[in-house]
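A.B. asks: If you read the sequence shown in numbering that gives the first Met the number 0, its first letter stands for residue 0, the second for the next number, and so on.
The set of hints was computed from the structure by calculation and includes no laboratory data.
Small disclaimer: the values here were computed from a predicted structure and weren't measured.
Just so you know, even glycine gets a beta-carbon here, dropped at the ideal spot from N, CA and C.
Heads up, some of the hints might be wrong.
The following label-pair restraints were derived from C-beta to C-beta distances [what the hints assert, rightly or not]:
#1 VAL316 / ASP213: 18 to 28 Å
#2 PHE5 / VAL381: 32 to 42 Å
#3 PHE343 / GLY232: 52 to 62 Å
#4 GLY392 / PHE54: 24 to 34 Å
#5 LEU263 / PHE12: 11 to 21 Å
#6 GLU51 / LEU407: 33 to 43 Å
#7 GLY50 / PRO385: 21 to 31 Å
#8 THR225 / PHE45: 23 to 33 Å
#9 ASP127 / PHE399: 44 to 54 Å
#10 ASP90 / LEU405: 50 to 60 Å
#11 GLY392 / LYS144: 18 to 28 Å
#12 GLU112 / PHE12: 42 to 52 Å
#13 GLY163 / ALA400: 28 to 38 Å
#14 THR117 / ILE317: 13 to 23 Å
Distance condition first, Cα-Cα at most 30 Å in a straight line; then the derived DSS-like pairs of lysine-lysine [as the list claims (entries may be wrong)]:
#15 LYS236 / LYS219
#16 LYS236 / LYS248
#17 LYS262 / LYS246
#18 LYS208 / LYS144
#19 LYS262 / LYS248
#20 LYS48 / LYS160
#21 LYS237 / LYS248
#22 LYS153 / LYS48
#23 LYS160 / LYS208
#24 LYS219 / LYS208
#25 LYS27 / LYS48
#26 LYS307 / LYS262
#27 LYS132 / LYS153
#28 LYS277 / LYS246
#29 LYS119 / LYS219
#30 LYS384 / LYS277
#31 LYS132 / LYS144
#32 LYS49 / LYS27
#33 LYS237 / LYS277
#34 LYS132 / LYS119
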Amino acid sequence: MLRTIFLTVLLFFVIVTVHEWGHYYFAKRAGILVREFAIGFGPKLFSYKKGETRFTLRLLPFGGFARMAGEDPEIVQVNQGQTIAVRLAGDEVKAIYLDQLDNRRNVIRGEVESVDLTEKLSMELNVDGEIQKLRVHPQAVMIAKGQETQIAPKNRQFSSKTVGQRALAIFAGPAMNFVLAFVLFAAYIQMVGIPVNNPTYVQIGNITKGMPADEANLRKGDIIETINGIHIGADYKKMIELISASKNKPMEWTVRRGDQEFKLTITPREMKGEEGGKVGITPELPTRRATLWETISGSSEAMVSTTKIIFQGFAHVIAQFSINDLGGPVRTAQVTGEIAQRGFDQLTYWAGILSLYLGIFNLLPIPAMDGSRLVFLGVEAVRGKPIDPNREGMVHFIGFAMLFLLMLAVTYNDILRLING
Numbered sequence: 000m001l002r003t004i005f006l007t008v009l010l011f012f013v014i015v016t017v018h019e020w021g022h023y024y025f026a027k028r029a030g031i032l033v034r035e036f037a038i039g040f041g042p043k044l045f046s047y048k049k050g051e052t053r054f055t056l057r058l059l060p061f062g063g064f065a066r067m068a069g070e071d072p073e074i075v076q077v078n079q080g081q082t083i084a085v086r087l088a089g090d091e092v093k094a095i096y097l098d099q100l101d102n103r104r105n106v107i108r109g110e111v112e113s114v115d116l117t118e119k120l121s122m123e124l125n126v127d128g129e130i131q132k133l134r135v136h137p138q139a140v141m142i143a144k145g146q147e148t149q150i151a152p153k154n155r156q157f158s159s160k161t162v163g164q165r166a167l168a169i170f171a172g173p174a175m176n177f178v179l180a181f182v183l184f185a186a187y188i189q190m191v192g193i194p195v196n197n198p199t200y201v202q203i204g205n206i207t208k209g210m211p212a213d214e215a216n217l218r219k220g221d222i223i224e225t226i227n228g229i230h231i232g233a234d235y236k237k238m239i240e241l242i243s244a245s246k247n248k249p250m251e252w253t254v255r256r257g258d259q260e261f262k263l264t265i266t267p268r269e270m271k272g273e274e275g276g277k278v279g280i281t282p283e284l285p286t287r288r289a290t291l292w293e294t295i296s297g298s299s300e301a302m303v304s305t306t307k308i309i310f311q312g313f314a315h316v317i318a319q320f321s322i323n324d325l326g327g328p329v330r331t332a333q334v335t336g337e338i339a340q341r342g343f344d345q346l347t348y349w350a351g352i353l354s355l356y357l358g359i360f361n362l363l364p365i366p367a368m369d370g371s372r373l374v375f376l377g378v379e380a381v382r383g384k385p386i387d388p389n390r391e392g393m394v395h396f397i398g399f400a401m402l403f404l405l406m407l408a409v410t411y412n413d414i415l416r417l418i419n420g
């Protein structure tokens with residue numbers, strides 16, 4: 000259980016981190032202030048600040064975000080008539096204190112006459128009846144309740160950038176998932192190799208724990224010579240037919256392991272909901288190391304074929320919606336644990352599938368997803384002006400709330416399915 004939880008959290012951590020890094024990197028390239036780079040949602044578990052960005056790890060490891068200045072209304076503001084304290088560095092304001100003013104040292108305290116922290120970067124303070132005009136440093140911070148918030152001049156805000164720059168910062172998240180999926184598929188091909196043409200034998204690949212093959216101490220890589228005196232050679236289909244026809248009947252196997260050959264007695268077991276006997280093995284075709292071109296082409300083919308399967312799944316869900324067809328974090332953890340038992344190579348391939356799925360799902364035009372935000376940017380490009388941010392924000396909020404409720408329902412269904420077997 001602990002191993003399954005660890006592997007699931009690790010998989011999500013890697014896939015989500017790569018996704019959010021795409022947003023973060025291209026936002027920074029465009030000059031956007033990224034306030035927070037977070038993995039997970041909910042309460043903070045760990046936090047540190049590097050440069051302008053605070054990096055946080057949060058309790059629920061099923062998502063993340065790169066919070067860019069200007070995407071949401073600023074929480075901390077300075078208003079006219081408010082009494083504040085400022086600290087200067089040279090002739091510019093570097094720190095603005097909004098509370099505990101009596102405890103601040105080496106500051107100027109006064110009432111705000113006027114303030115502009117986005118374009119002019121200036122403020123006027125009434126200090127004991129005297130008006131002081133001050134310039135504000137573009138990286139000045141506001142401090143309240145022990146928290147620092149860096150100001151965001153207009154040219155550092157998300158909304159100030161061109162449609163192309165904003166679209167790239169949004170698209171980069173899913174794009175990084177596609178890159179990661181390609182790399183993981185390529186790594187899988189390098190680990191397992193590619194089949195040898197015209198194999199002459201059947202080699203055991205994965206063995207299911209607790210099944211007859213596992214109990215008989217068969218190992219991955221063993222070569223099956225004969226079953227009940229019948230030579231198997233490369234005829235895997237013949238082997239399956241023999242096993243299926245011998246349900247609950249002992250079978251005599253001859254197996255070669257390296258330079259040794261030995262005999263085993265294995266009794267195929269009847270499995271619930273399946274016909275015939277099973278011993279719990281899958282074949283592993285003889286392989287050779289893939290060349291660079293074979294790795295690239297094989298990974299590309301895996302991307303294409305998996306994408307087709309993902310969209311077929313979407314079409315099925317739309318045409319015949321059933322919550323039983325959906326899987327949430329619990330189901331994903333269960334499948335991850337099962338796949339992890341088959342070996343690191345299979346886990347690598349599964350991680351590639353998850354990364355590709357996340358990238359594709361995020362590009363769907365669902366409110367709160369990256370695809371929806373790209374649609375709004377497309378409309379802006381056609382209209383020549385942005386849609387009302389309040390209306391767009393409401394659409395994303397409703398979409399996020401609906402997705403969250405769906406996730407709760409799916410997770411509840413996953414738990415019931417797990418309990419009921």
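A.B. asks: Are any of the numbered hints broken by this structure? If so, which, sorted upward?
C.D. replies: When the structure is compared with the hints, numbers 1, 2, 3, 5, 8, 14, 18, 23, 26, 29, 30 turn out to be violated.
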